[in-house]
Amino acid sequence: MIFYFSGTGNSRWAAQELEQKTGEPIVSIAEALQTNCHFTLNRGESIGFVFPVHGWRVPKIVIEFMQSLSLSEADKQATEEHYAFCLLTTGDSTGRTMERFVKLLGKIKSKNPIKLHAVASVLMPESYVGLPGMDVDTAEKEQEKIATAKKRIVHFASIINNKERKAGKHPIGWESIHRGTCPDILSGPVGAFFTHWLITDKPFRVERAKCVKCGICANVCPVNDIAGGLGNEPQWLNNGKCLTCFSCYHHCPHHAIEYGNRTKNKGQYFFGRRKLR
1 MIFYFSGTGN SRWAAQELEQ KTGEPIVSIA EALQTNCHFT LNRGESIGFV FPVHGWRVPK
61 IVIEFMQSLS LSEADKQATE EHYAFCLLTT GDSTGRTMER FVKLLGKIKS KNPIKLHAVA
121 SVLMPESYVG LPGMDVDTAE KEQEKIATAK KRIVHFASII NNKERKAGKH PIGWESIHRG
181 TCPDILSGPV GAFFTHWLIT DKPFRVERAK CVKCGICANV CPVNDIAGGL GNEPQWLNNG
241 KCLTCFSCYH HCPHHAIEYG NRTKNKGQYF FGRRKLR
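Mapped onto the UniProt record's numbering, the consecutive letters of the sequence shown carry residue numbers 1 to 277.
PhoX-like cross-link-like pairs, simulated, lysine-lysine; straight-line CA separation at most 25 Å:
(1) K145 x K266
(2) K109 x K60
(3) K166 x K103
(4) K76 x K115
(5) K166 x K21
(6) K103 x K115
(7) K266 x K141
(8) K76 x K163
No lab work stands behind these hints, which were simulated from the structure alone.
Construct all of the structure, not just a fragment, from the sequences and the given hints.
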C-alpha cells in the first residue's frame, strides 16, 4: 500500500510508477483524510509514502495524515514487520525533510512499529512559482527531469520488490538523498520562514476578465480551500489549510489566477500538461 500526496501531479505520477512496478495499490492522502484514516494490511504487504517537499519540510497535510493514520493486520496472528519505504519528489533539494518524516513514523497507530527500510528522492519539474525568480522549467528541462526520475524510480522499485535491507541505523538510500547545501539551515530557519509566512492563501486573487467560472480550481484544490465550482468565481477560504501547492494556479485554463504580483507572466505546469507564458 502506497500513500501519496500530490498537488500538481508529480508525486501522483511517481506513486503510479511504483504501483505499476511493485503491485502495491496507491491511496491518496487527501482522500484518506476524508475518512477515519484506518487501513488493514495483508501479510507481506509493503507500506510506502510518496510526497513532495514543501519549504524543505514535510507538507502539513502529510503531517496531519501521519498523526491520524492507524494500521491493523488482516492476519491477527501476524508478527513480522512490514517492509516500509519513502520517496520524496522535489524541485530542488530536500534539506532534512526525510529526517523529519522519520520522526513522524512514531505517530502511526500500529501493532508493530513502522521502520523505514528504503528511501529515495527524485528531482521533478518545478511547480513552485511563489517567489521572485522562481518559475516553471523549460519544456526540455522538464522532460529531462522526468526521464531521469523514471530511471531512479525503476531502480527504487527493484529495491522494494527484493525487500532489500541494510544493516545499521539508516535505511537503504539514506546517503543518496539530495539534501542540498546547508540542509539544517534549509529545513530549520528557512523552512520556518516558509511555513509561517509563505504557506498562505491570502495573496491568491482572480483576474475577473479572464475567469470563465469553470470551477476547475476549486475541484483540484487538495484541501478544499476554495469556495466555488462551475458557474462561480473562486474565493479562497483563508482557513489555514492552504498548502501553496499552486494546483489552482497551474490548472487554470485561462491563467486567471495570480499570487499577488509574484506570478505575473510566469508559466504554468502540472504533470501531463504544460502551458507556456
